[in-house]
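Colleague: One-letter residues, chain by chain:
2 protein chains.
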Amino acid sequence: MLQTYSNSQLKEREKQLEQQFKVACDAGLSLDITRGKPAPEQLDLAADLLSLPGSDQFHDDHGTDCRNYGGIDGLAGMKALFAAILGCETRDIIVGGTSSLTMMYDSVVRATLFGVPGGDQPWGQQGTIRFLCPAPGYDRHFEITGHLGFELLSVDMTDEGPDMDRVETLAADPSVKGIWCVPRYSNPTGITYSETVARRLARMSAAPDFRIFWDNAYAEHHLTENHQPVPDILSECRDAGNADRVLMFASTSKMTMAGAGVAAMAASPANLEDIRRHLAIQTIGPDKLNQLRHLAFFRDINGLRTHMTRHSEILKPKFALVQEILERDLGGKGIATWSNPPGGYFVSVDGPQGCARAVIELAAQAGVKLTPAGAPFAYGLDPQNRNMRLAPTFPPMEDIRQAMEIFTLCLELVAVRQRLSHG
Amino acid sequence: MLQTYSNSQLKEREKQLEQQFKVACDAGLSLDITRGKPAPEQLDLAADLLSLPGSDQFHDDHGTDCRNYGGIDGLAGMKALFAAILGCETRDIIVGGTSSLTMMYDSVVRATLFGVPGGDQPWGQQGTIRFLCPAPGYDRHFEITGHLGFELLSVDMTDEGPDMDRVETLAADPSVKGIWCVPRYSNPTGITYSETVARRLARMSAAPDFRIFWDNAYAEHHLTENHQPVPDILSECRDAGNADRVLMFASTSKMTMAGAGVAAMAASPANLEDIRRHLAIQTIGPDKLNQLRHLAFFRDINGLRTHMTRHSEILKPKFALVQEILERDLGGKGIATWSNPPGGYFVSVDGPQGCARAVIELAAQAGVKLTPAGAPFAYGLDPQNRNMRLAPTFPPMEDIRQAMEIFTLCLELVAVRQRLSHG
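From first to last, the protein sequence lines stand for chains A and B.
Going by the working numbering, the first residue of the first sequence is number 1, and it counts up by one from there.
Going by the working numbering, the first residue of the second sequence is number 1, and it counts up by one from there.
None of the hints are false.
Result set (SDA-like, lysine to any residue): computed pairs, CA atoms no more than 25 Å apart in a straight line:
no., chain 1, residue 1, chain 2, residue 2
1, A, K369, B, I281
2, A, K369, B, I72
3, B, K318, A, G70
4, B, K316, B, S30
5, B, K15, B, L29
6, A, K369, B, G63
7, A, K369, A, D32
8, B, K369, A, Y69
9, B, K369, A, I72
10, A, K369, A, E18
11, B, K316, A, Y69
12, B, K318, A, Y69
13, A, K369, B, Y69
14, A, K15, A, H422
15, A, K369, A, W338
16, A, K369, B, R277
17, B, K369, B, R357
18, A, K369, B, T64
19, A, K318, B, Y69
20, A, K316, B, Y69
21, B, K318, B, P40
22, B, K22, B, P372
23, A, K333, A, Q402
24, B, K369, A, A280
25, B, K369, A, I281
26, A, K369, B, H62
27, A, K333, A, R417
28, B, K369, A, G70
29, A, K333, A, R357
30, B, K369, A, G71
31, A, K369, B, I284
32, A, K369, A, C25
33, B, K369, A, I284
Hints were generated in silico from the structure; no laboratory data involved.
Computed from a predicted model, the values in this text were never measured in an experiment.
From just these sequences and the hints, can you work out the full model?
Modeller: Pasting the structure below:
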């Protein structure tokens with residue numbers, strides 16, 4: 001425990017760490033653990049996609065010529081696959097283009113311009129609009145609603161989802177129009193939403209045009225065999241008499257080719273009808289050949305899940321290495337806690353209050369790029385300046401090892417200096 | 001000339017045509033010449049795409065791994081290809097997803113929510129917004145601006161583009177924010193914009209946030225060897241000191257696979273910077289594998305143009321057949337005029353005033369589906385109710401022959417009846 005160190009012990013430790021830091025800087029490294037990108041080895045698993053659907057293969061099971069125009073909401077087979085991923089019915093699904101983030105952006109934009117079922121007016125005509133941002137969370141979610149000029153309201157994340165007492169208090173204000181959620185292996189803390197959180201989200205008092213953006217980005221991205229179930233928010237909302245409250249999203253981006261996958265959403269019949277009405281103006285239809293390509297590759301949900309176990313075999317050693325170094329270098333020192341996620345793409349580290357920015361700057365000096373401090377918070381501002389997000393999927397093992405050793409070194413050095421200056 | 005027929009001659013002709021019509025109805029046909037879709041034979045020309053880019057082929061010429069995230073505006077090679085199509089520089093291009101229509105919709109939505117360079121305010125905060133719709137034109141263009149609640153102002157089409165006297169008068173009103181243009185082989189009349197029209201569009205007085213939507217949908221879709229050049233509107237606007245006035249669009253949808261092609265836009269540096277700023281929120285980037293697939297298929301603009309001559313070889317006989325039957329059945333009767341387009345996807349027929357809806361209804365009774373009357377006009381309303389759009393690309397020759405014979409029969413029958421009732 002650093003807290004038990006005397007002043008001279010702290011100074012001694014600072015000296016050691018500074019020497020190590022100098023050695024690290026002299027090594028001239030250039031490492032990056034900032035972004036949740038799949039590694040090339042993961043992409044290699046989907047190599048067959050590069051020559052699919054294959055010559056003369058352009059009809060789906062229903063005889064649709066997937067090369068031509070038509071079909072606003074996707075192939076039946078692709079809908080069925082996403083229904084299995086999202087835990088709903090085929091009829092609940094709209095298949096989109098390559099990006100679920102774009103489907104979310106477009107959904108927010110539609111609500112802003114046209115409103116949503118249950119609302120009297122477009123969001124954009126209701127004065128100041130507010131949105132709930134459970135933090136730490138996914139920066140690109142928050143950026144969408146920030147870009148549109150909504151006021152972002154931070155809500156603390158707990159081990160089972162957002163702090164629901166706070167959410168219920170805030171959502172009672174009719175100017176609050178939605179909440180961003182990553183229900184499984186949440187970015188970055190790795191937690192999965194509990195049944196209780198989902199039930200409270202479904203049942204709480206909120207504006208009739210309030211929407212839960214339920215981004216199940218890591219629906220099939222396990223790192224253990226023990227899969228905690230994701231609450232069935234669509235049924236919860238229906239049972240609560242708030243069927244239109246939730247929009248669910250998923251994509252195959254981190255299953256096949258990132259940025260060249262297939263995305264989809266699921267919602268109530270009224271929401272789907274409303275969305276299709278607008279989609280019919282925005283598009284002639286999504287890329288059916290890419291859907292066919294993915295169907296040929298996965299075949300069905302069992303094929304998809306087998307494929308995802310291959311992903312986890314690649315990722316498990318990387319996440320284990322992160323844990324090993326965190327435990328070895330920081331364990332028992334009382335200066336940091338961290339997540340050990342059973343799935344997803346991130347490890348979240350909480351250092352001493354007020355330290356995150358300094359740690360990330362130091363690491364940058366030693367050639368290790370970390371996600372900017374505050375990124376997982378509304379307006380990019382971590383009120384405690386203590387959270388750091390690690391993304392170990394993309395780099396090779398040796399890069400992770402080096403980057404993690406510099407990260408823990410920098411974190412301890414900043415913590416020691418903080419204690420010295422407080423002393 | 002029907003105009004020279006006596007009443008009894010008209011009655012005799014009506015009887016003949018009614019008998020033919022009855023025969024046609026009894027045949028129980030079901031034919032469709034409504035939509036500008038490529039024929040399966042055209043799609044077959046791009047069959048290689050179905051197994052491209054091919055195993056282990058996922059890097060572009062610059063070494064980008066096209067399977068992973070990144071790159072907001074497209075591969076350099078794809079930009080170069082679209083620059084050649086649109087007659088501009090590679091740096092002027094943003095590559096998008098599969099659909100240029102979606103890029104146009106998104107551009108209108110962005111202007112509505114955020115405004116555009118040169119404008120003081122978002123379009124959506126400027127009260128009633130108006131948009132110029134040269135008619136007959138492309139229904140899906142008009143629907144975008146109609147859906148967003150803009151007031152649509154019709155402008156007559158001439159043989160060299162929209163009636164520019166009218167356009168200049170209307171555009172002087174700062175509430176008029178844009179115009180829809182298909183500069184080459186315009187949908188449906190097949191005309192190409194003249195240099196004079198382009199120059200006047202570039203130089204006229206208009207709001208600083210006025211935008212020309214220059215949809216070069218048929219840039220490479222020739223039906224003759226004689227290619228009338230498309231005016232260089234981007235340079236015209238720049239030279240006129242209105243560099244930001246135009247947004248150009250194109251796609252490969254009707255070159256490779258409809259709905260699974262690649263789309264792009266081109267604009268001034270200020271417009272591009274503004275668009276990229278918003279795109280960075282809406283997407284992590286377009287499908288680079290589909291771009292790589294198309295680059296592998298076309299190689300360069302010469303490959304693309306060779307490919308498009310194969311398309312024209314399939315389409316020429318279809319368009320020739322339409323002309324043959326129009327001429328044979330209606331020639332010299334003084335009841336209709338029609339286009340003989342040197343490219344594009346449509347033939348436009350003007351019948352007697354007040355007749356189009358009746359002709360299309362009669363044809364439907366005989367099992368021939370035509371584009372709804374008025375579709376090519378703002379609000380779906382042809383003020384003269386005389387224009388009919390034929391789309392002969394998709395059906396096989398024999399279907400076109402049968403459909404055209406019923407179409408000319410119905411047109412003449414309606415014309416004869418009109419003369420009788422006017423007599």
